Every structure is written in structure tokens, then in C-alpha cells.
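Novice: Sequence lines, in order, name chains W and G.
Residues in the first sequence are numbered consecutively from 47, following this note's numbering.
Residues in the second sequence are numbered consecutively from 47, following this note's numbering.
Simulated from the structure, these hints should not be mistaken for laboratory data.
Note that the structure is a prediction, hence the values are computed from the model and not measured.
Keep in mind that a hint or two might mislead.
For chains that are exact copies, the list does not tell them apart, and a pair is met inside one copy or across any two.
Simulated crosslink set (DSS-like; lysine-lysine; CA at most 25 angstroms straight-line) [stated by the list, open to error]:
#1 Lys105 to Lys198
#2 Lys264 to Lys142
#3 Lys198 to Lys242
#4 Lys224 to Lys242
#5 Lys264 to Lys197
#6 Lys197 to Lys137
#7 Lys197 to Lys242
#8 Lys242 to Lys137
#9 Lys198 to Lys224
#10 Lys264 to Lys111
#11 Lys105 to Lys234
2 protein chains.
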Amino acid sequence: MIYLCDMNDRPIILVTNDDGIISPGIRALAEVASQFGEVVVVAPDSPQSGMGHAITLDKPLRVIKVDAIEGVDAWQCNGTPVDCVKLAIDKILHRKPDLCLSGINHGSNSSINIIYSGTMSAAMEAAIDGIQAVGFSLLDYHFDADFTGAKKYATQIIEQILKHPLPSGALLNVNIPKLPVEEIKGIKIARQAIAKWVEEFDERLDPRGNSYYWLTGKFVNFDHGEDTDEYALANGYVSVVPVQFDLTNHQVIRHINENWDLNG
Amino acid sequence: MIYLCDMNDRPIILVTNDDGIISPGIRALAEVASQFGEVVVVAPDSPQSGMGHAITLDKPLRVIKVDAIEGVDAWQCNGTPVDCVKLAIDKILHRKPDLCLSGINHGSNSSINIIYSGTMSAAMEAAIDGIQAVGFSLLDYHFDADFTGAKKYATQIIEQILKHPLPSGALLNVNIPKLPVEEIKGIKIARQAIAKWVEEFDERLDPRGNSYYWLTGKFVNFDHGEDTDEYALANGYVSVVPVQFDLTNHQVIRHINENWDLNG
């Protein structure tokens, strides 16, 4: 029904996010992507931060073509970021895009944040499907964040991934520090820092005297390695972490085979 | 407010799932866990399959003590499986449990299914917090599935993890084939098979003539290795995949450093 032609052999670039189709971050990313190919935006109709790799099984999905981003074909979807990628491929593009870009997220997805991130899960969904994929995040939650630095470095990274595609099974997690573009020192290829969130639920009473909780927390970085994404960002660099969705811990296969008795 | 005592130095075992607190699978797991320690169940009040690592940021969370599982302290929560783990630690146990068990899921979480699975994300959340953690899934979607084999092998695995804890940063993804217990051949420690879901959205028209879509799909296993979870399950074994939440692809760090020009 909906079909997209690739008239000039330019790459088809799917752009999505988790902040929703009206966020300035996705506009910035669509603008950057337009330099490199035919851009199609398929993004959630409402904020989906913290949705991780959720998919929608219990309600029907809808996609609506919208005039949300100037000069770009755009659809909004009532599902999660991962749903958007699945629908884009199967029902909007009717083919795999050549590249999937997710973001630019308003807020960090460095280190352990990747696990909770709808932005990164959308990129991962594309990678699972064999598509080159990158998630971009700017360390600034504000709606009016300055995307100048993010756009500059996204341009460099997209240029490189189109020239030198990633091996199968990989995608990139790119985070950009909250700094004026001239103060960003460059790009560091990094590993995911060992970090976590320590919960501090905010407990309140409703008008009937029943407790309810708001999830809040404190980010703790346990990792002092100078090769991590957290180190790169804290020192004024853009961090690029190559990511995989094969979660096998091969060292622990050996640990179990050597230590466990499973014949009981 | 709610406090749990560990009176006999028995381990505190948190049991959760994604099918919801009334599913037979969580009852089976709580029963097995009770042999090894003081069991506390904190689980979603409704089915949360496919929720991945979603957390709830946009609405308040509630936990209610319920009489859902005989002889076991149990709470239901209106959040995701990951929310349940966070709330259990911070607001119910007021400490980390010694072990977190998730499941027994009604349906497979082998290979790529781990990425979408609320069951496995709950276990992963515990592992991120430094807790020994295992997710269990039975390859049978039915409400009245036979958990005899699953219970037998869960018992063996819990015994081993308590004797020989996993190294930090690891958890286990255990899948049990849909077979009579006497036909299950044993346990294989395996790696995650390379597989994916091929989408086949079911498109329908609502009474107003507008399209909507139900997510469906076909599971495709590309991986013919004999060391995978899919191979183990297809051959009558319980599969145990050691899993990590450090998603760094170290090989691709080298690939990028050798091939990309990021000084542009």
C-alpha cells in the first residue's frame, strides 16, 4: 500500500527514536541523515523513554502518515520504538532500509543505560534484522538542547558507517557530551562502563492514604577504566561503543563446565 | 514498613516473572525455591510478556501484599518485571536477596527471545545489582503446561548456583523442552543461537475502515551449531546459556580502529 522508491540508488535511511516524533532530537537526526540518503521517519506518537526492548502484543498497532518533519516522509506509531522498526520494515518500506538511525535521544544512553533505552533497542532491533544501525544520544535532557555538536559528530559517524559497514551482529551506541561544539575534543571508541542505578523510590500517599512510588535513582559508575564510554564523555569526547545482541558469556560457559555437577 | 527477617541464615530468594502473579509457572518456581530458602514473590499483577527491560517512568507504581501463593509471602505490582525487582529490593526486602529466580515462563526465551523477554530482563536487573540470578522458561505456552521436568531441572540448577555462584556480571537463561520428564536427556551449557523473528503483521480494518496491525511473526534459526541453546532444546536437553549485560562488542572496537577515519 505504502511504497518507497529508491530512485537514485541513494541509501534508504530509517530514522526513529524513543522521545516521540515531535522531539527536536529526531528532527536534528533526520536533517543530518538527509545528506546521505532518502530518509523515512517512523517514530512513536508519544514519549517512550525507558521502554527497553518492549514489543506490543496486547493491543493493535496503528501507523499514521504525519507532516511532522519538513521535507521528510514521516509516520507516527502508537507502539514502542521496537514496534516502529518492525512496522517500518514490514508495512511502510516493504524492504529493509540500508541504515537505521535512532535518536538523537534527549539524555544519556551510556554504560548501563543502554539496557533500559528505547532509543538503543530500536537500533538493536534493526541490527538483529541485519541492518547497519546506530543510536545517538545527547547528554542533555532539555527540550531546547543544543544539537550542534551532536549533528557534527553524527555526520562523521554516518559517513564512516556507509563507507565501512560494521560486521554482522553489531551496532553502535553513540553518546555526545553536553558541551559547545568547539569544546568537544573528538571521538573515542570505547567499551561500556560497569555502572548501575541505585534505586531511591519516592514514596507518597494518595488521597485515600495508600502508598505509591515514583521510580527515581542515582547513577553510580564503578568503573575507573580510561577505555570506557563514561571516561570519554567525562573528558569531553563523543563515545562510540560497538554493541552486540549475542548476550552469551563465554567465560561463564567454561566456569560452569569446570565447577558445576549437573548429573545429579 | 515491610521487613523480612532471615531467621535461619537461609538464603532470601526473590521470585518474579512476566506472566503475572497468578500464572502456574511462578507457583511452580516458588515451590522449588522454598526447598532452598525464604521465598518472597514480587510479580506483575497482569501479563507482561514482551516487555523486555522496560521500566515505568510515567506513572506511579503500587505494590499490594496478596494471598496468591500458598505458604509464601507475595506482593503484586502494577509495573513491569524490572520494576518488580527494583521495588522488591528497595521497598519490600530492604536488602538484596541472595538469589533472584524469574519464571517459570510459559513459552521459550531461548536464543534471540531473550532480548524481548520480561522474564529474562527481571533476572538481568537483579544481576546488574550484583545478585545471583536465573530465568527459567518452559517451551509450552499453555496455562495448564506440565512443569514436572522444569521443576526437576530448576532444582538441580538452583542447588549448583548456591554451591558455586556465578562470576560477577553473569546470569543464566534456562529453557526446558516440552517433554515428559523421563524423556528429557539432561542439561547442556550452551551459547545463544543466532536467530530472529521475521515479522508478519496481521493487518485488519476497524469498523471505520482504518488499518490496524497485530504483531505476529515467524521464528527463524540461522544457526546450525551444535553448541547452541536451540540445538540442545531440539535434541531433548535443557539449555543453560550464561548471559552478560555488558553489551560491548570488543572485536568491533578493533574493526573500527583499523578501518574508520574519525579525524574528519
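Novice: All the hints need checking, so say for each whether the structure fits it.
Specialist: Checked hints:
1. Lys105 to Lys198: For Lys105 and Lys198, neither the intra-copy (39 angstroms) nor the inter-copy (36 angstroms) Cα distance is at most 25 angstroms.
2. Lys264 to Lys142: For Lys264 and Lys142, the Cα distance is within 25 angstroms only across copies (17 angstroms; inside one copy 39 angstroms).
3. Lys198 to Lys242: Intra 30 angstroms, inter 34 angstroms, cutoff 25 angstroms: neither.
4. Lys224 to Lys242: within (21 angstroms within a copy, 36 angstroms between copies)
5. Lys264 to Lys197: neither (29 angstroms within a copy, 37 angstroms between copies)
6. Lys197 to Lys137: neither (29 angstroms within a copy, 42 angstroms between copies)
7. Lys197 to Lys242: neither (28 angstroms within a copy, 32 angstroms between copies)
8. Lys242 to Lys137: between (37 angstroms within a copy, 18 angstroms between copies)
9. Lys198 to Lys224: Within one copy only: 13 angstroms inside, 53 angstroms across.
10. Lys264 to Lys111: neither (39 angstroms within a copy, 27 angstroms between copies)
11. Lys105 to Lys234: neither (42 angstroms within a copy, 37 angstroms between copies)
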